Amino acid sequence: MILIQLFLSFFKIGCFSFGGGYAAMPLIQEQVIRTHHWMSMNTFADLVTIAEMTPGPIAVNAATFVGTQTAGISGAIAATLGCVLPSCIFVSVLAFIYTRYRKLSLLQHTLAGLRPAVVAMIAKAGVTILISAFFIEGIPAVHQVSARMILYFAAALFLLRKVKMNPVLVMGLCGVCEMVFYAAQTHLGP
Amino acid sequence: MDQTKRQKLKKLFLSTLYLSTFTFGGGYVIVTLLKNRFVDQYHWIDEEEMLDMAAIAQASPGAVAVNGAITVGYRICGIPGLIMAVLGAVIPPLVILSAVSLCYTAFISNPYVSAMLNGMRSGIGAVITSVVYDMGKNVVNTGDILNMAVMILSFCASYFFNVSTIVIIIAAASASMLRAVLSARGGKEA
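Residue numbers (our numbering), protein chains in the order written: chain W, 1362 to 1551; chain E, 4 to 193.
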């Protein structure tokens, strides 16, 4: 049963993530966290981090990760199949239409008009990741806010935008800083 | 199956396997790499056709990297080519993420690892903020009021009213298609 659920969830994700890469993020969040509770928000944030640092698309990475966590290797395979099947179908159909009519302009205009909505969805997923980063235990309340995390965020944004540093390196730096902070706190602290 | 076709399928599988293992940073990079391999090195596809395939890959839902591999595989060897290309594209993330997933469960309880992942969450938050900023700026730069309205409305619907991503994507796509059809009827390009 869990295998069918994994397959169907990732099939939906595969069907509706137009625009590549991050476009799958809000759908994964909705299916995996909100609907099925296969993963916590913090684990999801870790997953996006891991996906960014390893080769392969976020959706396929997420499918494997969630599949393995919930139902082992067979779960990973079921979820991955679900995730790539829509691609196989759509691409074949589009390739057929294209070789027949040599025209995709209506589709391309439709997709161009879809882009603002996709940006908004990615932004929403981004906000939830930031909330899980900034607030201790992921609870958005003033006394739970971690000033250190906001400092990392600001520094990371500066390195990305102004210094044009590689994103993987920037994330690595944030991770190392927090690890050093933790080590210092446990060894030197009261 | 004759010898040359089997040879081609093997080459196709190994190429997508290789590209998928060593491509960090997702979809748009891999289209260029597919072109290098299949147009410039193997001469299986001509340049113009590759551009059309990239358009199809980007117009289809799902990961652009997988879609790109599918279009190329299908074009070169039909359905067996499609299957080989998909396998090549998903096996690396499947193997890597299964391993990561097992390590994650084993190491997440380690306070140093969890501190590092905590810090990296701020980093990935900054990476996504930067991506959203660029994408949002592109939408605003089109100067199209309707596009901006769609972006803001989608965000509000999703963030404040918890409307599902799939519903928003379908609504935005319908509106956008209607607009594309109307403007095509009106005789001017949208």
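A couple of the hints might just be wrong.
Claimed, not checked - Below, computed lysine-lysine pairings styled on BS3-like, alpha-carbon distance capped at 27 Å:
no.	chain 1	residue 1	chain 2	residue 2
1	E	Lys13	W	Lys1464
2	E	Lys38	E	Lys14
3	E	Lys140	W	Lys1523
4	E	Lys11	E	Lys38
5	E	Lys38	E	Lys13
6	E	Lys8	E	Lys38
7	E	Lys140	W	Lys1525
To be verified - Residues from chain E that keep clear of chain W, each with C-beta distances beyond 12 Å, as calculated:
no.	residue
8	Leu12
9	Lys14
10	Asn39
11	Trp47
12	Asn70
13	Arg124
14	Ser125
15	Lys140
16	Asp147
17	Tyr162
18	Ser167
19	Ser179
20	Arg182
Claimed, not checked - These stretches of chain E come out as covered by chain W in the derived footprint (C-beta under 8 Å, 3 or more residues):
no.	region
21	48-55
22	96-105
23	112-120
Hints in this document: simulated from the structure, not taken from any laboratory. All of these numbers come straight from a predicted model, not from anything done at the bench. Backbone N, C-alpha and C define an ideal beta-carbon position, used for all residues, glycine too.
Against the structure, the hints:
A hinted pair counts as satisfied when its Cα atoms are at most 27 Å apart, and lysine 13 of chain E with lysine 1464 of chain W does not qualify at roughly 32 Å. For the given pair, lysine 38 of chain E sits about 15 Å from lysine 14 of chain E by alpha-carbon distance, which is consistent with the 27 Å threshold. The suggested pairing of lysine 140 of chain E with lysine 1523 of chain W holds, with an alpha-carbon distance near 17 Å, which does not exceed 27 Å. Of the pairs offered as hints, the one joining lysine 11 of chain E and lysine 38 of chain E holds, with about 16 Å between alpha carbons and a cut-off of 27 Å not exceeded.
A hinted pair counts as satisfied when its Cα atoms are at most 27 Å apart, and lysine 38 of chain E with lysine 13 of chain E qualifies at roughly 18 Å. Between lysine 8 of chain E and lysine 38 of chain E, the direct Cα distance comes to roughly 20 Å. Compliance with the 27 Å bound is thereby established for this hinted pair. Distance hint between lysine 140 of chain E and lysine 1525 of chain W is fulfilled; the C-alpha atoms sit about 18 Å from each other, no more than 27 Å. No Cβ of chain W comes within 12 Å of the Cβ of leucine 12 of chain E; the nearest lies about 16 Å off, and the non-interface call holds.
With a cut of 12 Å on Cβ distances, lysine 14 of chain E stays outside the contact zone with chain W, its closest approach being about 20 Å. Remark: the non-interface label on asparagine 39 of chain E is consistent with the geometry, its nearest Cβ contact in chain W lying 17 Å away (cut-off 12 Å). The Cβ of tryptophan 47 of chain E sits about 15 Å from the closest Cβ of chain W, beyond the 12 Å cut-off, so the non-interface label holds. At roughly 5 Å, the least C-beta separation between asparagine 70 of chain E and chain W is not larger than 12 Å, which violates its mark as non-interface.
Not every beta carbon of chain W lies more than 12 Å from that of arginine 124 of chain E, the smallest distance being close to 4 Å; the non-interface claim is violated. Some Cβ of chain W comes within 12 Å of the Cβ of serine 125 of chain E; the nearest lies about 4 Å off, and the non-interface call is violated. Consistency note on lysine 140 of chain E: stated as away from chain W, yet its beta-carbon is not over 12 Å from all of that chain's, at 10 Å minimum. Against chain W, the non-interface label of aspartate 147 of chain E is violated: not every CB pair exceeds 12 Å, the least being about 9 Å.
The claim that tyrosine 162 of chain E is not at the interface with chain W is violated, since a C-beta of that chain comes within 12 Å of its own (minimum 5 Å). Listed as outside the interface, serine 167 of chain E is inconsistent with that label: its C-beta sits roughly 6 Å from the nearest C-beta of chain W, within the 12 Å cut-off. Once the 12 Å rule is applied to beta carbons, serine 179 of chain E is inconsistent with being away from chain W; the minimum gap is 3 Å. Interface exclusion of arginine 182 of chain E from chain W breaks down, the closest Cβ pair being 6 Å apart, not more than 12 Å.
For the region 48-55 of chain E, the stated coverage by chain W is violated: 1 residues have a C-beta nearer than 8 Å to a C-beta of that chain, whereas at least 3 were required. Check on the region 96-105 of chain E: 8 of its residues sit with their Cβ under 8 Å from a Cβ of chain W, so the three-residue criterion for coverage holds. Counting residues of the region 112-120 of chain E whose CB lies closer than 8 Å to any CB of chain W gives 5, which reaches the minimum of 3, so the coverage claim holds.
In summary, the structure is inconsistent with hints 1, 12, 13, 14, 15, 16, 17, 18, 19, 20 and 21 from the numbered list given earlier, while agreeing with the others.
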